[in-house]
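K.L.:
Just need the whole structure built from these sequences, with the hints factored in.
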Amino acid sequence: MNQSPSSDPKRSGRRRRLWGALGGAAAGFVLASIVYLLVTPVLEASPGWIRELQGLSWNLVPVLTVLGGVTGWLLSGPRAPRS
Numbered sequence: 212m213n214q215s216p217s218s219d220p221k222r223s224g225r226r227r228r229l230w231g232a233l234g235g236a237a238a239g240f241v242l243a244s245i246v247y248l249l250v251t252p253v254l255e256a257s258p259g260w261i262r263e264l265q266g267l268s269w270n271l272v273p274v275l276t277v278l279g280g281v282t283g284w285l286l287s288g289p290r291a292p293r294s
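Just so we're aligned, residue 212 is where the sequence shown starts under the working numbering, counting upward by one.
Don't read these hints as lab results, they were simulated from the structure. Warning: the hint list may mix true and false statements.
Claimed, not checked - Computed spacing ranges between beta-carbons, pair by pair:
1. 261 / 224: 43 to 53 Å
2. 233 / 263: 27 to 37 Å
3. 256 / 225: 27 to 37 Å
Even for Gly, the Cβ is constructed at its ideal location relative to N, Cα and C.
P.N.:
Here it is in structure tokens:
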């Protein structure tokens with residue numbers, strides 16, 4: 212007997228959250244990379260202790276990537292039923 216696969220709500224919810232997390236991580240990575248590329252030359256040209264922040268600026272990329280993934284996961288979570 213040929214049966215069409217049933218749409219499991221749990222599975223589609225997990226898939227939606229996974230895509231949300233991946234999309235959020237990608238958006239966080241792109242945003243962090245743009246900020247890094249714009250801020251780093253300014254920090255390198257700065258005198259004194261501000262120049263030292265250039266080494267820390269690369270940390271923006273992994274931190275915003277993870278935060279974007281977590282935000283995407285949370286925003287794509289279960290939807291409240293509409294009444």
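K.L.:
Compare the structure with each hint and give your call.
P.N.:
Outcome of the hint check:
One distance hint, 43 to 53 Å for the beta-carbon pair residue 261 and residue 224, holds here, with the actual separation near 46 Å. At roughly 34 Å, the beta-carbon separation of residue 233 and residue 263 lies within the given 27 to 37 Å, and the hint holds. Hint check: residue 256 to residue 225, Cβ distance near 47 Å, so the stated range 27 to 37 Å is violated.
The structure shown violates just one earlier hint, number 3.
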